[in-house]
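Chains A, B, C and D, in that order, give the protein sequences.
Sequential numbering of the first sequence, starting at 1, is according to the numbering used here.
Sequential numbering of the second sequence, starting at 1001, is according to the numbering used here.
Sequential numbering of the third sequence, starting at 2001, is according to the numbering used here.
Sequential numbering of the fourth sequence, starting at 3001, is according to the numbering used here.
Among these hints, one or two may not hold up.
Said to hold, decoys possible - Here are the simulated PhoX-like cross-link-like pairs (lysine-lysine), alpha carbons at most 25 Å apart as the crow flies:
no.: 1; chain 1: C; residue 1: K2216; chain 2: D; residue 2: K3277
no.: 2; chain 1: B; residue 1: K1322; chain 2: B; residue 2: K1277
no.: 3; chain 1: A; residue 1: K306; chain 2: D; residue 2: K3339
no.: 4; chain 1: A; residue 1: K27; chain 2: A; residue 2: K6
no.: 5; chain 1: C; residue 1: K2322; chain 2: B; residue 2: K1027
no.: 6; chain 1: C; residue 1: K2149; chain 2: B; residue 2: K1196
no.: 7; chain 1: C; residue 1: K2322; chain 2: D; residue 2: K3339
no.: 8; chain 1: D; residue 1: K3216; chain 2: D; residue 2: K3027
no.: 9; chain 1: D; residue 1: K3216; chain 2: C; residue 2: K2277
no.: 10; chain 1: B; residue 1: K1149; chain 2: B; residue 2: K1075
no.: 11; chain 1: A; residue 1: K277; chain 2: B; residue 2: K1216
no.: 12; chain 1: A; residue 1: K87; chain 2: A; residue 2: K216
no.: 13; chain 1: A; residue 1: K196; chain 2: D; residue 2: K3216
no.: 14; chain 1: B; residue 1: K1149; chain 2: A; residue 2: K216
no.: 15; chain 1: A; residue 1: K277; chain 2: B; residue 2: K1079
no.: 16; chain 1: A; residue 1: K216; chain 2: C; residue 2: K2216
no.: 17; chain 1: D; residue 1: K3153; chain 2: D; residue 2: K3087
no.: 18; chain 1: D; residue 1: K3087; chain 2: A; residue 2: K196
no.: 19; chain 1: B; residue 1: K1149; chain 2: C; residue 2: K2196
To be verified - To give an idea of the interface, some chain C residues facing chain A are shown, with a C-beta separation under 10 Å as derived from the structure:
no.: 20; residue: L2211
no.: 21; residue: S2212
no.: 22; residue: T2214
no.: 23; residue: R2248
Derived by calculation from the structure, the hints in this document are not laboratory data.
The C-beta atom is built at its ideal place from N, Cα and C for all residues, glycine as well.
4 protein chains.
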Amino acid sequence: MIISMKRNSSREEIEAVRQRIEDFGYKIHQIQGEERVVIAAVGVGDVTPCLEALEMMPQVEQAVRISAPYKFVSKEFRKEPTRIPIKSFEIGGDEFVVMAGPCSVESESQIMQSAEAVAAAGGKVLRGGAFKPRTSPYDFQGLAEEGLKLLRKAGDATGLAIITEVMSDGDVPLVAEYADILQIGARNMQNFALLKSLGKAGRPIMLKRGLSSTIKELLMSAEYVVAHGNSDVMLCERGIRTFETITRNTCDIVAVPVLREMTHLPVILDPSHATGKRSLVPPLAKAGVAIGADGLIMETHPCPEKAWSDGAQSLDLQQFGKLMRELQPFIGLWGEQRKGG
Amino acid sequence: MIISMKRNSSREEIEAVRQRIEDFGYKIHQIQGEERVVIAAVGVGDVTPCLEALEMMPQVEQAVRISAPYKFVSKEFRKEPTRIPIKSFEIGGDEFVVMAGPCSVESESQIMQSAEAVAAAGGKVLRGGAFKPRTSPYDFQGLAEEGLKLLRKAGDATGLAIITEVMSDGDVPLVAEYADILQIGARNMQNFALLKSLGKAGRPIMLKRGLSSTIKELLMSAEYVVAHGNSDVMLCERGIRTFETITRNTCDIVAVPVLREMTHLPVILDPSHATGKRSLVPPLAKAGVAIGADGLIMETHPCPEKAWSDGAQSLDLQQFGKLMRELQPFIGLWGEQRKGG
Amino acid sequence: MIISMKRNSSREEIEAVRQRIEDFGYKIHQIQGEERVVIAAVGVGDVTPCLEALEMMPQVEQAVRISAPYKFVSKEFRKEPTRIPIKSFEIGGDEFVVMAGPCSVESESQIMQSAEAVAAAGGKVLRGGAFKPRTSPYDFQGLAEEGLKLLRKAGDATGLAIITEVMSDGDVPLVAEYADILQIGARNMQNFALLKSLGKAGRPIMLKRGLSSTIKELLMSAEYVVAHGNSDVMLCERGIRTFETITRNTCDIVAVPVLREMTHLPVILDPSHATGKRSLVPPLAKAGVAIGADGLIMETHPCPEKAWSDGAQSLDLQQFGKLMRELQPFIGLWGEQRKGG
Amino acid sequence: MIISMKRNSSREEIEAVRQRIEDFGYKIHQIQGEERVVIAAVGVGDVTPCLEALEMMPQVEQAVRISAPYKFVSKEFRKEPTRIPIKSFEIGGDEFVVMAGPCSVESESQIMQSAEAVAAAGGKVLRGGAFKPRTSPYDFQGLAEEGLKLLRKAGDATGLAIITEVMSDGDVPLVAEYADILQIGARNMQNFALLKSLGKAGRPIMLKRGLSSTIKELLMSAEYVVAHGNSDVMLCERGIRTFETITRNTCDIVAVPVLREMTHLPVILDPSHATGKRSLVPPLAKAGVAIGADGLIMETHPCPEKAWSDGAQSLDLQQFGKLMRELQPFIGLWGEQRKGG
């Protein structure tokens, strides 16, 4: 069950509702949102009597039965899609959104050139890593705050929004100062301390699916963020780990329509990490539009062969521009479908 | 190395070439095609001296160095795409081909209704199983030859070509008598006795990727068929087995552009088995067109809830017709891309 | 339900029982064993009334409810372990059985040397491939019948039983003529035409688990063999395919106790294919004894570095002898446990 | 390359060595250990000239070429096994170490009963979770510091060492105050912020393999910890995620001998998480001893059916005692092998 309290409910009114729920033997998880308190009640057995009792309490706005283990992110809780406003546009609405940029922020000229190319081609969001999760301690770990500053500068110069990764709960406030969207990487999808800290981040979150995480686990991780107070979460399919090694990962593209059936949150596809190979990015990007994702996130670099990380999967700026033009007719069909369906 | 002999080379001329290759220490695999003899020579070390010696022999038409373990099916051996003629159309050419029909042939009315719907919607090939590979010995095993006869009848009545599965080398001649295309199921992708027997089947082959087979293994299995004399092979991505269980399989859709880089053989996508769920078939079918497959194979049934097998993933005939209409603009973009690229 | 008829039931008596089962709406699968007819009845709903009716029929010896989808191979059908007699010993009984020998039969001296070493070290069964399932059509495909003859000769000279692979239903009679145990390889675990043909093979079967087959699917494939008339089946865990590539396969060693809970069939472990690396075979072999397998099958070769296949995972004859000595104390503990548990 | 400086090298001497390495074009990663400075130098090309130059510098104690991407944890860097002293015993030495206890600390009586049973049966370390990584935000998240206090109390009362999980870099100092060994859970194996913070934790670390992490990635994560200053790391195989769902995970038991070939760090096996089922723990525990692990970590609970988490895979205290007795002869063989090999 999810119980939404009316706005401006008093502490006593909330306590009365909590008491009523506990009388029925359910466990309570309360969220103090900015506008209202929402209570998730979890337990076993038929919830009908409890729901009926709660609905008669005047301070309860809505009490909803939710059978899935994820509550707030489920279609049962909310049918209409979540639209996440970012600067002058929305993710999850009527516009297909492209995010692009280099794997790592390397220098001012590199990120500035990238940002200009992304903006010129019609992208809305600039990506770039300042804190990099690297398998080896000897690999480049990112420019940290210096990278964040360069990203912000490039975003301000071009009007692009900024998305960048945060790797530790301790860094959330710092990254939130510079970025418009906080990215949680695949390796941190079940870093629960980090997920909890995002509840108060004050920024939309893009949560990438873990390398071997199921779709249900992805939704449970999104539930952590929402249940701790931040409902602006988008999900990202970026390929899973399988026995096939010819591509860097295996893109589970069907996760896109599966998620659209299960949740109201927007879904982004990352064809760069899903393939690990430049030549495979354009066909997969087209497929991503055709299958109904809300947007794409792609790696592009002024000079991929000199990139400090992920060069093999980065498009150069010209290839990126060409792809953006080729995507247009697919995005046109996407728009018709969104209106129709 | 692959050495193509000139047409009508004599037995002595072929023997002379074989002898020359063996002098260089390579192992020979000879294919007696309908038109000409082709010799694959496999071994270690630099093949340049041997290639040069062979090219000077008058009866040798062409001698090609091929580094991949698969020879005949590689792009190195043949750059232009293989076009497989079936009745009045081609697979692998300028036309996007849709194959559809029920999982199993159940009755004359079921297969006839299916065929009419497939033909009416613009499909070219009727699918239907007469020999069914079932996990349980207690499940319906197919109508066998009776099913083949019904398929042929439905094909003849509607002008559709017929594709159906063959499960044992002993059944190849029987199935080839009725079908236009022989399908090798995922569980038989490495049934090498069966693959060898297809060399002389006299019918095009659709080889489905095994549940846990790599793309390279798929190409090696295709190589078995071609090396035994049948070069009309198309490949089919139908989903692989991973840790994710929310869909029946995980569609490795990127296999399509990967295969297009590695081989000249056509590639078909099967969105029904890849998802196992009716509602996911249309979005994946669109993505399959967008990513550049040569065709689709889908399950459709007059009454899916009464199907003897795979009902959950079968579209009913109306849904199939609707999907075919929705696919048209994507197929339009596909055609432009084929001309352009 | 499984219904065992009394010995020497007449055709009419059997028909009466079948009729009774069909009256209850169940589907029948009848097995004509050498001694008696057994009927598997499959369907939906509560079987209690049907069981009660059948038990009152005088020609019915036993009627058993079985909830698992595999019937004959389940513990519900038979509690005591199946013991498979081979020459003078049993598999599945009180003796731990080691099978060993080369991957492929290459020559008389190679197989004879191997056989002598296996016998000297206390092995009971000689393995060796005459028909080889190879990923590439250009790899050595085995000596075929010539290999079978050499195996038989080596077996007769040393007193060892012979196990060898059969790859096609058409080859079953030929292989059964020479071998004491027929091996079904991992790639053929769901070659249903082959499985059906084993019902009348007249030889015990060792069924290897497919590369990506679940334990339940392995049991269903065993059920095919038993339901077609051959109840002497042993199962073999030989490693499954996962994302980890540092070993050839990932040994799912826990499959051994899982299978011992689910089925009465013996379970053999193959540490050679499970690891693909010689140095890992001895530790895994010890673990296989400790975890309670009924036997081991291992690759050994007089000169692994010259082996035509699988050299990297083959022990040389001296290493094999050393391992057999090291296994003794573990086999001692195994014996105590079998007696105790 | 790894360059160990002599003890008490001065800042200038270290700087001179760093300068020399940079002259050769290598990237430097310096570790300020408690006793000495160690420098890892990473780069491309033949390192021989640089090694020779460094070895002539008087303040350099040792300069070692290491080809693996992991340096400090590789067998190339150190041949003899790392022995980690914990209270009065060692992990990685001549003694087989058993760690056991409940999944979560629930109450004083629960943890005290568990500790007494573990100590009585011969275990050396008490496990118990105070910070619990749970897929759902609505599941019990652990008693936090209160749980740590109870663990410490139980450890002090019984003489057992304490191992417990830490989930965030911010919590490391707190957990290190109470625990003898810090456990990093599978979901945090690539939480690089956490790994870095362990370098200064002042406690030995048990690093669990991620659900879909390769053995090489496990070693790279261990390298993070060691490269940041803490060389007391033990590794733990606890099962990986595969297509097989009959067990909670698939135990990659061969990882034990693989790791023993690649690293000098101790390796622990966790048969509880690897199987997820109580009845499978004893056979796998025996196999773990037989294959040569340095120890086991297992879940045991005074009343598994009432456990707040992981009840299905927990042994009750009597079963645990019985298993410990059954393990004795295997541990005896283990000890002989350690002495011999």
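How the hints compare with the structure:
1. C:K2216 with D:K3277: Roughly 17 Å separates the two Cα atoms, so the pair holds.
2. B:K1322 with B:K1277: holds (17 Å)
3. A:K306 with D:K3339: Between A:K306 and D:K3339 the Cα gap is close to 52 Å, so the pair fails against 25 Å, i.e. violated.
4. A:K27 with A:K6: holds (21 Å)
5. C:K2322 with B:K1027: violated (37 Å)
6. C:K2149 with B:K1196: holds (24 Å)
7. C:K2322 with D:K3339: holds (17 Å)
8. D:K3216 with D:K3027: holds (22 Å)
9. D:K3216 with C:K2277: holds (17 Å)
10. B:K1149 with B:K1075: Violated: B:K1149 and B:K1075 sit about 38 Å apart, past 25 Å.
11. A:K277 with B:K1216: holds (17 Å)
12. A:K87 with A:K216: violated (30 Å)
13. A:K196 with D:K3216: Violated, at roughly 30 Å.
14. B:K1149 with A:K216: Roughly 45 Å separates the two Cα atoms, so the pair is violated.
15. A:K277 with B:K1079: Given pair A:K277, B:K1079 holds - Cα atoms ~21 Å apart, limit 25 Å.
16. A:K216 with C:K2216: holds (24 Å)
17. D:K3153 with D:K3087: holds (16 Å)
18. D:K3087 with A:K196: violated (35 Å)
19. B:K1149 with C:K2196: Holds, at about 24 Å.
20. L2211: Interface hint status for C:L2211: holds (9 Å vs cutoff 10 Å).
21. S2212: Since the shortest Cβ distance to chain A is 8 Å, the answer is holds.
22. T2214: violated (15 Å)
23. R2248: violated (12 Å)
In summary, the structure is inconsistent with hints 3, 5, 10, 12, 13, 14, 18, 22 and 23 from the numbered list given earlier, while agreeing with the others.
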